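Novice: Next come the chains, spelled out residue by residue.
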Amino acid sequence: MAPRGGRAAAAASSGSEDEEEDAGFSRSYFLAKEKEPSSGKKRARAAAGKLSDLNLVDEQVLRASLAEIPPKHEEEVEALTRSYKDQYRNWLFELRCGFGLLMYGFGSKKRLLEDFASTTLTDFTVIVINGYLPSVNLKQVIATIAEMFWDQIKAKRKRQPGTRSQLSQPFPSQSTDDIISFLKHQTSDDVDDRVCLLIHNIDGPALRDAESQQCLAQVSLCPQVRAVASIDHVNAPLLWDKKMVHTQFRWSWYHVPTFAPYKVEGVFYPLILASGGHAQTTKTALVVLQSLTPNAQSVFRVLAEYQLANEKEEGMPVSSLYTKCRERFLVSSQVTLNSHLTEFKDHDLVKIRKHSDGQDCLRIPLGSDALEKLLQEL
Amino acid sequence: MSAPPCDAPLTAANNIQPFVVLHKAAVSSVPSSQSRRQVQTSQPSSPNPKPAKRCDDPAGEECEDDGELYEQLRIEAFHRTWSRIQATIDKVLRDINLKLFDQVLQWVKESFSSVRSITRPHHMEVQQPYPLLTDAICTRIPTAFVLTKNVEFVDDITTFRDLAGHLESNGCHIAKLSAAELSPKHGVGGCFRSLLRQLLHDVSDVADVSALASWYCEAENFDQPIIVIIDDLEQCSGDVLGELVMMLSEWVIKIPVFFVMGIATTLDAPKKLLSSEALQRLELCKLTLGSPSDRLNALVEAVLVKPCAGFCISHEVAMFLRNYFFRHDGTITSFISALKLACSKHFSMEPLSFLCIGMLEADCEEFWRDKFEALPQAIQKYASGLPSCTNSSAKNSNNSSKNMVEGLSRLLKWQKEWSSVLLCLYEVGRYDKVQLLDIFCEAINPDVQSEDASNSCMFISKVTHGNLLGVKSGSGKGFIAQVMDTIRYLPMEILLHVLEVWSIHLKGMGEINDKVKELLSTTTGADSGRATKEKWSRTSTNSIGNGTVPLNEKAAALLQDVTRKILVPVEFLPFHEIICFKNVGVLQSALIGNPRRMVQLDLLEPQTHLKCSCCRSGTAVSGSMHDTSIMCSLAQEYGDVINLHDWYIAFEGTIKSANPKAKRKVYSSPSKKKSKPTPPVEGEAMVQARFCRAATEMQISGLVRMPSKRRPDLAQRITFGP
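Protein chains in written order, with the UniProt record's numbering: chain P, 1 to 378; chain E, 1 to 722.
Worth flagging that the hints you see were computed from the coordinates, not collected in a lab. Predicted model, so just to flag it, every value in this text is computed and none were measured. There could be a bad hint or two in this list.
Unchecked claim - Only part of the chain P face toward chain E is listed, based on derived beta-carbon distances under 8 Å:
hint	residue
1	E76
2	A117
3	D123
4	L289
5	C325
Glycine residues also receive a C-beta, built at the ideal position from the N, C-alpha and C atoms.
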C-alpha cells in the first residue's frame with residue numbers, strides 16, 4: 001500500500017532519485033548473476049557447504065557469548081539516538097494535533113521511545129505495550145485504561161452529586177467492544193488524563209493478527225488516547241487497510257534508525273546456528289518427556305521403537321499403537337491414550353499424518369540417530 | 001540519553017511484562033501554563049524547542065519559556081484552522097450527497113407509511129412476544145441499495161455517517177452494523193446485540209427481539225422507523241445477514257426496521273451474497289452516489305482555491321497532493337489526511353504560523369499588530385529575515401511591524417482576488433473538461449509565472465513548455481492556455497452565462513467587475529439576435545469579417561489581463577511563509593513511510609547515519625561496520641536463498657580481515673561495561689554469536705527468513721534491492 005504510492009509520488013517530485021534506485025536494483029541483480037557462472041567453485045560449495053561442516057559451539061556457550069558481544073560504534077549509536085532529541089517537541093506537537101507517531105528504521109527504538117515518553121510526554125499517562133513478546137493481552141491493556149478513566153469519572157461525580165453510575169460490573173469481565181465503546185465516549189470533559197499508548201513493535205508476533213490491529217486502531221481513535229508505535233518489519237504497513245491508516249491510527253511516519261541492538265526484541269527468536277542441529281531438538285524433547293508420567297514416557301517409547309523398526313513407513317497407525325499399549329497395560333482406554341497423544345502433540349513430540357490408506361498415522365519428527373539417542377537418555 | 005532518569009523504570013521486568021504503566025500524567029488538567037512549567041522543570045537539560053532555537057541571545061531561559069508559549073499558540077491555531085477546514089470539508093461533502101440523502105429520506109417516509117398502512121399495531125400488540133401474523137407479502141423489509149461506485153470503501157464511511165446524521169435529524173432511529181459485526185464470529189446474536197446497544201441505553205445480557213419491542217413501544221420511539229445502515233455489504237457474511245433479515249422480517253409490521261446497504265460493486269452483489277429466501281424478504285430500492293472526482297473538485301474549490309482558514313499550500317505541495325490522489329489510491333480520505341498532515345507540519349515547523357488565524361479575525365490588522373508587538377525580539381528579527389522579505393525589492397527594515405502587518409493584509413487581499421480569478425478561469429475551463437485542481441496547480445506554479453513575467457507579452461503557457469512537472473493537457477499546452485483557447489470558441493449563450501458567473505465571482509473587485517459588466521451590457525443588446533444563430537464552432541472567425549471585435553476576443557483579453565495582473569503565485573509575496581506550507585519533503589516522508597526501502601538503505605549505507613571515522617564510506621564491506629550491515633551487504637550477493645555455511649564463512653572472513661588497530665579503538669570506548677577486560681573477541685563462539693545476533697536482527701527487520709526444517713542449511717532472502 002503505502003510504499004508503492006510513495007514510490008509513485010517520489011517519482012513525481014524527483015526523477016533522479018528513482019533512476020538511482022533502478023540503478024541500484026540492476027546493480028545488485030547483475031552482481032548476483034555475475035557470481036553464479038564465474039565461480040563454479042562457489043556453486044559447488046553452495047551445494048556442498050553444510051552447517052554441519054562448521055565447528056558449531058554448544059547453544060549454551062553461544063548464548064553466553066551473545067551476552068558478551070562487544071558493542072560496535074557505541075558512541076556513534078549514542079550520538080545518533082541523542083540527535084533525535086531535537087525532534088521531541090515536534091513529535092509532541094503532532095501528537096497533540098491528533099496524529100499517531102510511527103517510528104521505523106533499523107535498530108531498536110525501545111530506548112528512544114521510552115526516553116521520549118519519560119522526558120516529553122509528561123502530560124500524558126504513558127502505557128507501554130511490549131509487542132515483541134510472544135503474547136500480549138490487549139484486553140487487559142484497554143481494561144486498565146478504562147479503569148483509570150472510570151476512577152477519574154467517579155472522582156468527578158463525587159464533586160457533582162446527582163449523576164448516577166452507568167456501569168455496574170468491573171471492566172475485565174466486560175467484552176472488548178463494550179470497553180472500547182466506553183473509552184470512545186470519554187472526552188476531555190469527562191476525564192482529565194490523556195493516555196499515550198507506547199507500542200513497541202506494533203508489528204510484533206503477538207500483535208500481528210487482524211483482531212489485535214483492529215483493537216489497537218479503535219483504541220487509538222478514542223479522543224483521550226494517542227498512539228506512539230514502532231515497527232521493525234519491512235512489510236509492517238501491510239497490516240493496515242486504508243480505514244485504519246487514515247481515519248484511526250492517523251500515522252505520521254518518522255524514519256529514525258538507531259542502530260541500537262535489538263536486545264529484548266531478539267530474545268524470543270531462535271538462534272540461526274542453534275536451530276539446525278538435532279542435539280537441540282533431542283534435548284528439548286528429553287526435557288518434555290521427563291516431565292511426563294512414566295506411563296506417558298512408555299507410550300512414547302513404544303511409538304519410537306516402532307518408528308525405528310519401520311523407518312520406511314509413514315508412521316505408526318493410531319490403532320496399532322493403542323493395541324500395543326493395551327497389551328503392555330500402559331493405557332486402559334482410547335481416552336487415556338488420546339490424552340497422552342494430545343500432550344505429545346502440544347509439545348511437537350509427534351506429528352499426525354493421514355496414511356495413504358486413510359487412517360491417521362503418528363510420527364516423531366526426529367531422525368533415527370536422534371531418536372536412538374533420545375531413547376538411550378530417557 | 002546517557003542521563004539515567006529515563007533508565008530507572010526500564011528494569012528487566014518491564015521488558016518482559018506485556019504492558020507497563022510507564023508513568024501517570026504529571027498534572028491532571030488541560031495543558032495550562034502550570035503544567036507547561038512542570039514539563040520544563042522535569043527536563044532541564046532538554047534542547048530548546050524549535051522557535052526558541054532560533055533566538056541566539058543569552059537569555060535562554062526566557063527564550064525557552066517563550067518557545068513553549070508560542071508552541072501552545074501554534075497548537076491552538078492549528079486546532080482552530082483545521083476545525084475550520086474540516087467543517088468546510090464536511091459541509092462540501094454533505095452538500096454533494098444531499099440529493100441522495102433526501103432521496104433516502106423520501107424513501108424512508110414512503111416505506112414507513114406503506115408499512116403502517118397495512119396495519120397499525122397497538123402498543124400492547126407490539127410487546128407481545130411473537131410476531132404479528134399477516135400475509136407473507138407484508139413481511140418484506142424495505143431496503144435501499146446505495147451504489148457507491150468507489151473501489152475503495154474508505155470514502156464511503158463518511159458518506160454513510162452523514163447519511164445517518166441526516167436521517168437521525170429527521171427523527172429516524174439509526175443503528176449501524178459494520179462488516180466486522182456481521183461476521184460468522186459474532187453470529188446473528190452478536191450482531192443483534194450491537195444493534196440493541198445502539199438503540200437502547202441498558203442492554204441486558206440476553207439479546208432478544210422483545211427487548212427491542214418494549215423499547216420501541218415507548219411513546220417517544222413509537223412513531224418513527226428504525227433504519228439499520230450496513231455500509232459495506234460485500235464484506236459481510238451472507239449467512240449472518242440472511243439470518244438477521246429473516247428474523248427481522250417477521251417483525252417488520254410491529255417493529256419497522258428498514259435497511260440501507262452500501263454496495264461498492266454492482267447490484268449482483270446482494271444476489272450472490274444472500275440466499276434467495278432472504279432476498280425475497282427484502283423490498284428493494286436502488287440509489288446511486290456521485291463520483292469521487294466530482295467530490296475532489298468541490299473540495300479543491302472550497303479548501304484550496306478559497307482558503308477557508310487562511311492556510312494555503314505551495315506549488316510543490318499541491319503537485320504532491322495531486323499526484324497522491326491520482327496515482328496513489330484516488331480516495332478523498334487520503335487526500336484529506338495528507339492535507340491535514342501538511343497543515344500540522346506547517347504549524348509545527350513555522351514559528352510565526354500562529355499569525356495565520358489572524359485571517360479569520362474581524363479586525364485582522366489589529367490582531368497582527370498586537371501579536372507582533374508582543375513577539376520577543378528574536379522572533380521579530382526572524383520575521384523580517386524571512387526569505388520572501390529579503391528577496392522583495394521593498395526592503396525598508398526600519399518599521400518591521402508595519403511591514404509585516406501590511407504584508408499579511410496584502411496576502412489576505414491576494415487570497416480573495418486570486419481565488420476569484422481562478423474560479424473565473426475554471427468557469428470557462430469546465431466547458432472543456434479541465435479539472436480545477438489542474439488549473440490550481442498551474443496557477444500557483446512560481447516557475448511558470450516568473451518566466452511569464454519576463455515575456456510579459458506572451459501567453460503564460462507558451463513559455464512553460466515542459467516545465468509543468470506533468471500537469472499538461474493532451475495538446476502539450478498548459479491548462480490556462482487551454483482555457484484561453486476555449487473562451488475564444490465558446491458559443492454566445494454559454495459565454496453570456498460565463499460572464500454572468502464572472503460578475504458574481506468578481507464581486508468586490510471594483511474595476512474588473514465593471515469591465516465584465518460593461519462587456520455584458522454592450523453585447524447583450526447587440527448580440528442577442530446573433531446569439532441564437534451562433535453555433536459552437538468558430539465564432540470568432542465569423543465575426544472578424546464584420547470588422548467589430550467579437551465578444552469572445554474581448555472576454556479573452558480581459559481574462560488574460562486579469563490573469564496576468566492578479567494570478568500571482570503565493571510564493572512571490574512577502575511573508576507568505578507564515579500562511580503557506582512549502583516543505584514537500586517533510587510531508588512526503590511523514591505521509592508515506594517506506595520501511596522496505598529505508599531499512600535496507602540504513603543497513604547498506606550505515607555511514608550516512610552513524611558518521612563514524614572507522615568505516616569507509618561507499619558500498620565496500622569492511623569488518624569495522626555494524627555486524628548486521630555486513631551480513632546484509634553479504635546477503636546481496638545471493639539469490640532468493642542464502643547458504644548459511646557460506647554466509648558464515650564470508651562473515652567470519654570480513655570481520656577478521658578488519659584492521660585490528662581500528663577495531664581496538666572501537667571496542668575500548670570509555671563507557672564500556674566493566675565486566676571483563678576484552679573477552680577473546682575472535683573466538684569461534686564469539687563470531688558465531690555475532691553471526692546469530694545479526695541474523696536475528698535481519699529476521700526482525702523482515703529481510704531474511706529462518707531456514708526451514710526441510711532445508712536447514714538455507715535461509716530465505718525476502719527483500720531484493722532497496
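Novice: Now, for every hint given, state plainly whether the structure supports it.
Specialist: Results for each hint:
Interface hint at P/E76: satisfied, since its Cβ lies 4 Å from the closest Cβ of chain E, which is below the 8 Å cut-off. Taking 8 Å as the C-beta cut-off, the interface hint given for P/A117 holds, the closest approach to chain E being about 6 Å. Contact between P/D123 and chain E, as hinted, is supported at the beta carbon level, the nearest pair being about 6 Å apart and thus within 8 Å. The closest approach between the C-beta of P/L289 and any C-beta of chain E is roughly 20 Å, which is over the 8 Å cut-off, so the hint fails.
A distance limit of 8 Å between C-beta atoms decides the matter here; for P/C325 the minimum to chain E is near 28 Å, and the interface restraint is violated.
Violated hints, in rising order: 4, 5; the structure is consistent with all others.
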